[in-house]
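*Asks:* Chains as they are written, first to last, in the numbering used here: chain B, 1 to 111; chain A, 1 to 117.
Hints are supplied without guarantee of correctness; some may be wrong.
[To be verified] Simulated crosslink set (DSBU-like; lysine-lysine; CA at most 30 Å straight-line):
no.	chain 1	residue 1	chain 2	residue 2
1	A	K79	B	K98
2	B	K57	B	K68
3	B	K76	A	K80
4	B	K57	B	K81
5	B	K57	B	K76
6	B	K57	B	K98
Hints listed in this document are in silico derivations from the structure and should not be mistaken for laboratory results.
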Amino acid sequence: GQNIDQPTEMTATEGAIVQINCTYQTSGFNGLFWYQQHAGEAPTFLSYNVLDGLEEKGRFSSFLSRSKGYSYLLLKELQMKDSASYLCAVRDDSSASKIIFGSGTRLSIRP
Amino acid sequence: SQTIHQWPATLVQPVGSPLSLECTVEGTSNPNLYWYRQAAGRGLQLLFYSVGIGQISSEVPQNLSASRPQDRQFILSSKKLLLSDSGFYLCAWSGGLAGLGSTDTQYFGPGTRLTVL
């Protein structure tokens, strides 16, 4: 079966660092994505990992360990506008066209 | 650059009425196209995807259907809406010949918020 797990909710303080974890169990693996979704809006692409290691993009970094079926999204210097849901998604190589989304982590930033 | 359009932005329909949501993509050729539904506070549920004109794969059996009459046009339809069809409908595209970095990344349209009463 296909399963992607991430915490439902998290809270962090403005200016701090937060790590959002994602574990996955899929029949195949060919890449992991992180998306940001503000309330009432469409998801926007943040990062893509297909090899083990850390990908850094400004204040956001994403890490992947394929052997552990594990990824995290690290957000630094948190800003109030970072309050959003963060979706972890996996491309299962049983289909070249589909990716499977987790239910998302709702992140709230407090002043 | 590539853009994706969806309309309408919001829709309120009575139970039993028909539905037609449209999605178009500009700036790329032969994209993969997707329809998702997101219930309030929930994750994304893949409904249909298409790898070419007239090619539709259905993920979840339901009273919805999809069609792709042109390369960059994707339509979601229903003959009779149910209350459970309410939600946020998102169209997305990936791949194509636009030369973007990762051809696997999906890019989403602005969505249609459907309320069935």
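*Asks:* If a hint holds in the structure, say so; if it doesn't, say that too.
*Replies:* Hints and how they fare:
no.	hint	verdict
1	K79(A) <-> K98(B)	holds (26 Å)
2	K57(B) <-> K68(B)	holds (23 Å)
3	K76(B) <-> K80(A)	violated (47 Å)
4	K57(B) <-> K81(B)	holds (17 Å)
5	K57(B) <-> K76(B)	holds (11 Å)
6	K57(B) <-> K98(B)	holds (25 Å)
Of the hints listed earlier, the one the structure fails to meet is number 3.
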